[in-house]
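My request is simple: use the sequences and hints to build the entire structure.
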Amino acid sequence: MTKVKEKSTYAVVDIETTGGNVANGDRIIQFGCVLIEEDRIVQQFAVDINPLVNIPKKIELLTGITNQAIANAPYFEDVAPTLFNLLEGCIFVAHNIQFDYGFLNEEFKRCGMPSLRNKGIDTVELAQIILPTEPSFRLNDLAATFKFSHQNPHQADSDAYVTAELFLALKKKLKQFPLITIEKLIELAEHCTMNTNLFFKDTLSEMRDEHPLLPETILVKKGLALRKKQVDIEQNSHRVQSVYPINPIDKEALFLNHLTIRTLQNTLMDEVYQYFFESRSGHFAIEAATGIGKTLGYLVPLSYLATPDNPVIISTYTTLLQKQLIEKDIVQLNSILPFTVHAAIVKSKHHYLHLSKFKEVLNEPHENLTDTLLKMRTLTWLTQTVTGDIDELNLTNYLQPFWEKVRHRGWADDYSQDPFSEQDFYLHAKEQIKHASMIITNHAFLFHDLKREKPILPDSKRIILDEAHHLPDVAAEAASDSFSYYANQKLLKKIGKLSDDKSMISQLNQLNLKIKTINPSQLRLVEMSVLTLEEALSDFFEAILLYTQQELMETTSVADQVDLPFIKTENWSLELKKLTKKISTVLNDLVFFGYDIIHQTSSQRESFTYLERYLLDDFLELLTKIEEQKNSFSRLFQKTNQNELIWFSFKQKNPKNSFMIKQSVMDSSLFIKKYLIEKKESILYIGATLSIDSDFTYFENQLGESDLRKLSIATPYDYKNQARIFIPADLKPIKQLSKEHYAKMVVDYLELIALTTNENILVLFTANETLQDVYNLLQQQPSLLGRELLAQGISGSRDRMLKRFFHATGGILLGADSFWEGVDLPGKSLKVIVVTRLPFEPPERPLVKAKYRWLEEQGLNPFIVDALPKATLRMKQGLGRLIRSEEDKGIMVVLDDRLVKASYGNKIMNALPDKLTKEIVSREELKNKIALFLSE
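Going from the sequence shown to this note's numbering is simple: count from 1 and add 4.
Read the hints as simulated data drawn from the structure, not as lab findings. If you're wondering where the values come from, they're calculated on a predicted model, not measured in any experiment. One or more hints might be untrue.
Claimed, not checked - Straight-line Cα separation of at most 27 angstroms, DSSO-like style, residue types lysine-lysine; simulated pairs: (1) LYS739 <-> LYS922; (2) LYS205 <-> LYS179; (3) LYS498 <-> LYS438; (4) LYS188 <-> LYS176; (5) LYS655 <-> LYS498; (6) LYS458 <-> LYS438; (7) LYS465 <-> LYS176; (8) LYS498 <-> LYS739; (9) LYS498 <-> LYS232.
Unchecked claim - Just the calculated beta-carbon pair ranges, DEER-fashion: (10) LEU626 <-> THR13: 52 to 58 angstroms; (11) THR613 <-> ASN780: 42 to 48 angstroms; (12) ASN401 <-> ASP722: 54 to 60 angstroms; (13) LYS61 <-> GLU41: 53 to 59 angstroms; (14) SER638 <-> MET913: 56 to 62 angstroms; (15) ALA733 <-> ASN156: 16 to 22 angstroms.
Just so it is clear, CB atoms sit at the ideal spot from N, CA and C, and this is done for glycine as well.
Here's what the structure looks like:
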């Protein structure tokens, strides 16, 4: 007789509380519960609860629940038996279960009732596993992903209902995965929070009854379910059939029913086509203002010229912009062309997952919840990804040991021995490159590749450098060097001791018991070198910290971040000089002994298992990194040329582990000239901020270009009617304000603006320290409670913050550095920008100070030739965040009176779009003008 399976009832719970801790007197103010049976919502229950304590203003604004609204509600003691009976026998489900389950349990115990004994499932954890590429797992964001109606966020009944919908949606999604993936998830889920494994077990049981077939898009290899992929091969016949549409009418016909072509975009397309088609000598710079349609403006003409045999390389600033090009712009391009262009992304190999390594790590014993969740997330992602690019996972931290183990590092020899060689993501990416007409990379990869003896990028004569204003800084980074205490200790710890079974040296010793080709004394010499080096490095950094503290006694700086220029070792103590020599010697020994071990094993390599080969490959990579650090250490203490600066950098709160010796060049133009300008025949530089008032001199000097052809295409936007710049009349000079008064002044104006308009506000800073001070003060402003407050370095990744900001009403986002540009938030999402101070580089930074001194030695005025042009371009970039379409309207409030009082203020204003209105206003006028302008 077949046993009838017992039905599970899921109680999906959400509570609202006065705070986060029952022991501190916090209480529940609302309870919501939705019951699910057989994949259907069968009952809803909600109740307001009088907490007998005041609801904090912050909670009132967040939830909409007021003291008056719950004044006549029952006490928790009155409803506790009802709630306990409702939950009895159910599987408890919540979004972040540890809070709801734990708080509810404490309240039951407070009332003298028994503890909850329910099994529990966390929907945050489920979503992280089943939706591996989601950028955010907040309930609001997941509701938006699934298009659930979420009328009253942060109210228990609404949150519980949406969590129930999410639970059912996740189960439906899980059923689309192959059985073999779910079986492995069940194994791993034993280590998840509470009883998450129940969800997978119950779903698998149902699926087995339904006998699903393996999806056609999936293949199974050595127990891993993988998405099938293919190499896109471009048909070249379109080169004969299609010609570039020179005539504007032909261009309109091409764009018809797809996109709106713009007159200025026509100009850009023709200029790009003629430059590359006619193979004109010299390099070309085009400033294409925001709104022209820059990216399609160069992609369309290139699509008629580039072929897999003669591809074009397109380099942009970040991997994020690479992703946008391939996923948005190339897709858009192919939607309008009469043929298909294939493009491929080029990134460093460590961006890709190594399947064989992952398979190996998957079978390792459980260590911690973080690793378990990452394993589960990767398993589900493998059924979706065709690239294996781990950036798709949108994680905020890729530094966990798990990623160190499974990132791709290539092979020391023949990759065909890799059991997953046919499915390998890095090899697939390289194959895609061979068949692509457009190869998309980033500036950092490009410069490192140009320096390689065997470049990865094809030797293309044509290259486009988008966001070209970043090239000098990226080149300077590529030409720089550093030596870190923490990084070296981490490398040495990986090699480890013979007595530690998990260490690399111990694993090599175990391998030697089998192969017997490594001289055991070599392993002991490596171990001894590691121990000696660990001690020497510790002593060295202790001594160098003492030296820097003595040097700092002459300064009054109390900042946590310390950057101290280093000139020469003459002032060093004898001990420091001895330690420097000792470290160089032991690093040499360690590298020599290590490479000798690799050499001793090379003759038997073909007989090794692939796991044994990976061990040796990992050891070789470790030695390569140590050798790089050895070379860096030697270079850092050699006599530098005038264009270089060496400095010590550390945080006073954690000096030793944060200590770095850094070297950088003050002028990267020599590097750019050597590796790029002199190597490439046709280079097109393009960006929205290459000139200052149509003058490209600063850009040319930064690159080292001497005979650059230049074109500036003006903005299509009507800045006279679409934008305003307001400068408050009562601003005090920033230099007269203390750090505290300055932050308070910024907060006062932000409060005034926020109470005037409910639009989102982007606040731009030049220093992270000020940003944090302002964030802390804003959190204490009662009038701003309940608003979405986001801050760089505090509120998660840039992508996550922008997504939350996009969906917010009246949100405030505090950003520095990268937030001055590359933030594309059209329409309602961004109408107000606040510039906290003119974006000059802090002159006290060692590199800035040294560069200014270097310029002075050449008879140049640092402010005129470097500081002012850089700040002016930054202001152009900041303003570019505001107006992104013909319909946008927006205001910029500048909290720095130097824009109107300093002699150079007009130079900055002249570089901004023509007819942009600048007004000096009182506080009252600022309120009125903001309200009036944004409502027109």
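Worksheet item: Which hint numbers doesn't this structure obey?
Response: 3, 7, 8, 9, 11, 12, 13, 14, 15
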